[in-house]
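Please model the complete structure; the sequences and the hints are all you need to start from.
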Amino acid sequence: MSKSINFPFPGLFRGMGLTLKTMVKRAPVTMYPEVQEVPVPRARGVISLDVDNCTVCMLCARECPDWCIYIEGHKEEKGETKPGARMRTKNLLDRFDIDYGLCMYCGICVEVCPFDALFWTPEYEYSEPRVADLLHNKEKLTEWLATVPENPALES
Amino acid sequence: MTSREMMHRSESAVSIELQTPDMTLNIGPQHPSTHGVLRLVAKVDGERIREVEPVIGYMHRGYEKLAEVRTYAQITALVNRIDWVSGFASEVPFILGVEKLMGVEAPERAQWIRLILSELARISSHLVFISSYPLELGATTPLMHSLREREYILELIEEVTGGRFHPNFNRVGGVKSAYGGGSTTKKQSMDLPAGFFKRTSEAMDRMDKICDDIDTLVTGNELIKMRTVGVGIIPPDKALEFGLSGPNLRASGVAYDLRKSDSYLTYDQVEFDVVSRPGGDCYDRYLVRLHEVRESVKIIRQAIDMIPSGPLQAKVPRVLKAPKGHVYSRAENPKGEFGYYIVSEGGKMPYRLKIRSTSFSNLTILPWILKGQLIPDLVAIMGSLDFVLGDVDR
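Order-wise, the sequence lines are chains A and B. Numbering-wise (the working numbering), the first sequence opens with residue -5 and increments by one. Numbering-wise (the working numbering), the second sequence opens with residue 86 and increments by one.
What the hints contain is simulated information worked out from the structure, not anything from laboratory work. Keep in mind that a hint or two might mislead.
With a straight-line Cα cutoff of 27 angstroms, these simulated DSSO-like cross-link-like pairs (lysine-lysine) come out [as the list claims (entries may be wrong)]:
hint, chain 1, residue 1, chain 2, residue 2
1, B, K128, B, K150
2, A, K15, B, K294
3, B, K383, B, K294
4, A, K19, B, K283
5, B, K406, B, K433
6, A, K132, A, K69
7, B, K409, B, K433
8, B, K439, B, K409
9, A, K19, B, K294
10, A, K84, A, K69
11, B, K310, A, K15
12, A, K84, A, K132
Owing to the predicted nature of the structure, the values given are computational and were not obtained by experimental measurement.
Listed below in structure tokens is the structure:
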């Protein structure tokens, strides 16, 4: 190192001045556990399920890039029909699990759903100490349906 | 042999210059200055580096192979994870390539939205460099300032796309226009939310200010200058030889920018300068990136005024099938040229996807440039190349 350095270096003091100016400003930080941060309405926090709309068509499970949706269903006879007609059946959902340890939050399942059964919500407080506990069943996914925000206004 | 002779011999054996073998120094793969998991096997002679061999592949995730068994819509979700610092910018060339292959063109508003979001991604990526590079040189304060401002950019990206890092917003034939629209509920349109332009121009004012602050903190700082000026000089011919691109190439005096030369999206309608510096040392590479933030701010300000209204998505079939053929498409990532070579055999999935990732090509100069350098300069040179290991290993 042949370069010599002259003291006092002006750049250092200019930087210190900026630091002093920043010190007296308010920090733009949300103190999280005490103050809840409100995410933007479109934030891809977690996927919620509307069980009544689901017809067990399996499109979401098939289009998922890492196959983290597990669906099981069965067919049930629809009750009375005209005499002689074929018995009509209806699909019933038994199991709808999303493994959030695998999910990569791409939103393809929400987009391909033809019956509007899946929704994004900005909810983010569902961390678990064990990865296996991130597998959420349809009861838990239905609970999140209440947090789905309204569609925000658009720029013209 | 007399005893006198023997003594003479042993003395002469001791008094010759002792040759010490070069020491092998392993740097990484868990070293904080390697931006991830890069391992450098350096042969050092004292403080000088004789030769260095980068060992990569610790973060190989096999995206090229994964893409062969995924549809085009699913690959879009994957490719923004290649370079996670600027997720949107690596989506754009892929989707442009698929559009070229299928012969569809995105509507104008979608192209402008792509332009705004890729420039926001550029600012956020360069702010990560501006924060991490002084940190590697030992200055922690710029990190706090630029990461604070980067949060405003990420919020803007999240507001439009729903994701801070992984937007997954591009679709073949436009951008994501809506979801839902089934039998029971209303369509959720994904056009820009109200007040986006106002908040963007506010954020751009903040970016101007942070550039001035960084000028005060880093550009004029004598200690940073001592560490970077004249260190790791890449001459323009060597830069071209090793296939550098982006700010690393422009810092060597080659004013080559795909946004100007290819003019994809609507870059031909906005005015901006290609920043280039003649020196080619670490300080110039830093300055080019800082000035590019200012240029991006300029581009976004123009785009806000010029963006037309209209549809977000062109008419495309529901099941995307690319016709047989192959295409190479490239775009200017914040780190340089990012390209995809897509070979299609006519199905829903590509037959082969070759990713020309920027950081990998920028990394190839490392053994040449580190030869003969001092060990303290190693971190300064490596950091100035600004690579992301996810981009190198893919």
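Tested hints:
1. Of the supplied pair hints, the one linking K128/B and K150/B is violated, its CA atoms being roughly 35 angstroms apart against a limit of 27 angstroms.
2. Proposed proximity of K15/A and K294/B is supported: the alpha carbons are some 14 angstroms apart, at most 27 angstroms.
3. With a C-alpha separation of about 14 angstroms, the suggested pair K383/B and K294/B falls inside the 27 angstroms cut-off, and the hint holds.
4. At roughly 24 angstroms between alpha-carbon atoms, K19/A and K283/B fall within 27 angstroms of each other, so this suggested pair holds.
5. With a CA separation close to 5 angstroms, the supplied pair K406/B and K433/B stays within the 27 angstroms bound.
6. The hinted pair formed by K132/A and K69/A meets the criterion: a straight-line CA distance of about 18 angstroms does not exceed 27 angstroms.
7. Taking the CA atoms of K409/B and K433/B, the gap is about 11 angstroms. The hint holds against a cut of 27 angstroms.
8. In summary, the hint linking K439/B to K409/B is supported, as the alpha carbons are separated by about 16 angstroms, within the 27 angstroms threshold.
9. Restraint check for K19/A and K294/B: satisfied, since their Cα atoms lie roughly 15 angstroms apart, inside the 27 angstroms limit.
10. Taking the CA atoms of K84/A and K69/A, the gap is near 5 angstroms; set against the 27 angstroms cutoff, the hint holds.
11. The suggested pairing of K310/B with K15/A holds, with an alpha-carbon distance near 24 angstroms, which does not exceed 27 angstroms.
12. Annotation: proposed proximity of K84/A to K132/A holds, straight-line Cα distance about 19 angstroms (limit 27 angstroms).
Violation of the numbered hints given earlier is confined to hint 1; every other hint is satisfied by the structure.
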